[in-house]
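Asks: Make the full structure from the sequences, and use the hints.
Number of protein chains: 2
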Amino acid sequence: MIKVSVMYPNKPDARFDHTYYRDKHMPLVKSRMGEACKSYTVDRGLAGGAPDQPATYMAMCHIYCDSVEAFQAGFGPHAKEIMADIPKYTDLTPVIQISEVVVGQR
Amino acid sequence: MIKVSVMYPNKPDARFDHTYYRDKHMPLVKSRMGEACKSYTVDRGLAGGAPDQPATYMAMCHIYCDSVEAFQAGFGPHAKEIMADIPKYTDLTPVIQISEVVVGQR
Numbered sequence: 001m002i003k004v005s006v007m008y009p010n011k012p013d014a015r016f017d018h019t020y021y022r023d024k025h026m027p028l029v030k031s032r033m034g035e036a037c038k039s040y041t042v043d044r045g046l047a048g049g050a051p052d053q054p055a056t057y058m059a060m061c062h063i064y065c066d067s068v069e070a071f072q073a074g075f076g077p078h079a080k081e082i083m084a085d086i087p088k089y090t091d092l093t094p095v096i097q098i099s100e101v102v103v104g105q106r
Numbered sequence: 107m108i109k110v111s112v113m114y115p116n117k118p119d120a121r122f123d124h125t126y127y128r129d130k131h132m133p134l135v136k137s138r139m140g141e142a143c144k145s146y147t148v149d150r151g152l153a154g155g156a157p158d159q160p161a162t163y164m165a166m167c168h169i170y171c172d173s174v175e176a177f178q179a180g181f182g183p184h185a186k187e188i189m190a191d192i193p194k195y196t197d198l199t200p201v202i203q204i205s206e207v208v209v210g211q212r
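Chains as they are written, first to last, in the numbering used here: chain A, 1 to 106; chain B, 107 to 212.
Hints are computed from structural coordinates only; laboratory data are not their basis. Any given hint could turn out to be false.
[Said to hold, decoys possible] Here are the simulated EDC-like cross-link-like pairs (lysine to aspartate or glutamate), alpha carbons at most 20 Å apart as the crow flies:
| hint | chain 1 | residue 1 | chain 2 | residue 2 |
| --- | --- | --- | --- | --- |
| 1 | A | Lys-24 | B | Glu-206 |
| 2 | A | Lys-11 | B | Asp-123 |
| 3 | B | Lys-144 | B | Asp-119 |
| 4 | A | Lys-24 | A | Asp-85 |
| 5 | B | Lys-130 | A | Glu-100 |
| 6 | B | Lys-117 | A | Glu-100 |
Replies: Here's what the structure looks like:
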């Protein structure tokens with residue numbers, strides 16, 4: 001299992017509509033990817049690790065897929081439509097990472 | 107529900123023992139935190155979002171707790187012991203973030 005993490009850097013004055021992201025954007029991603037997206041999670045950054053330190057990321061999502069190939073097959077054909085939806089909730093450019101899920105939930 | 111994300115930046119020549127992290131360090135964290143740690147996940151960075159781009163983080167873990175206070179109460183008394191274990195698997199300093207879990211798994 002792999003996860004694709006999409007992480008939105010926390011910049012002063014950046015725009016991020018968490019409600020749209022949760023209620024519209026991520027359901028759009030899931031509906032277009034279908035079974036290729038096994039599940040997903042959504043986070044909202046609260047704080048950094050030290051007192052009064054801001055969160056590094058304003059928001060994150062993690063999309064779980066069987067493999068990198070499964071992600072590409074599910075996301076690729078809809079990339080244009082999904083990317084076009086991003087300006088509706090943010091003006092940030094996300095950092096994207098693909099990880100192997102070493103421990104899924106314990 | 108909140109999650110504490112511990113993210114190890116992917117630096118050239120950095121040391122990271124993924125086996126020790128999975129088999130020793132994270133079980134130590136869970137055993138010391140007890141019920142305060144509802145669950146955790148572990149990731150190993152594979153790649154970035156663009157072709158031939160490296161992963162931003164070499165490894166990540168996400169620790170799920172009922173609240174920031176529950177995390178602090180569970181982690182605080184064992185922080186010294188847990189921190190002292192870090193050099194056994196890495197020479198990296200992690201980026202830490204606390205997030206609200208907006209969507210837990212869908």
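Asks: Each of the hints needs a verdict: does it hold here or not?
Replies: Status of the hints after comparison with the structure:
no.	hint	result
1	A:Lys-24 with B:Glu-206	holds (18 Å)
2	A:Lys-11 with B:Asp-123	violated (32 Å)
3	B:Lys-144 with B:Asp-119	violated (34 Å)
4	A:Lys-24 with A:Asp-85	holds (9 Å)
5	B:Lys-130 with A:Glu-100	holds (18 Å)
6	B:Lys-117 with A:Glu-100	holds (18 Å)
When each numbered hint is compared with the structure, violations occur for hints 2, 3.
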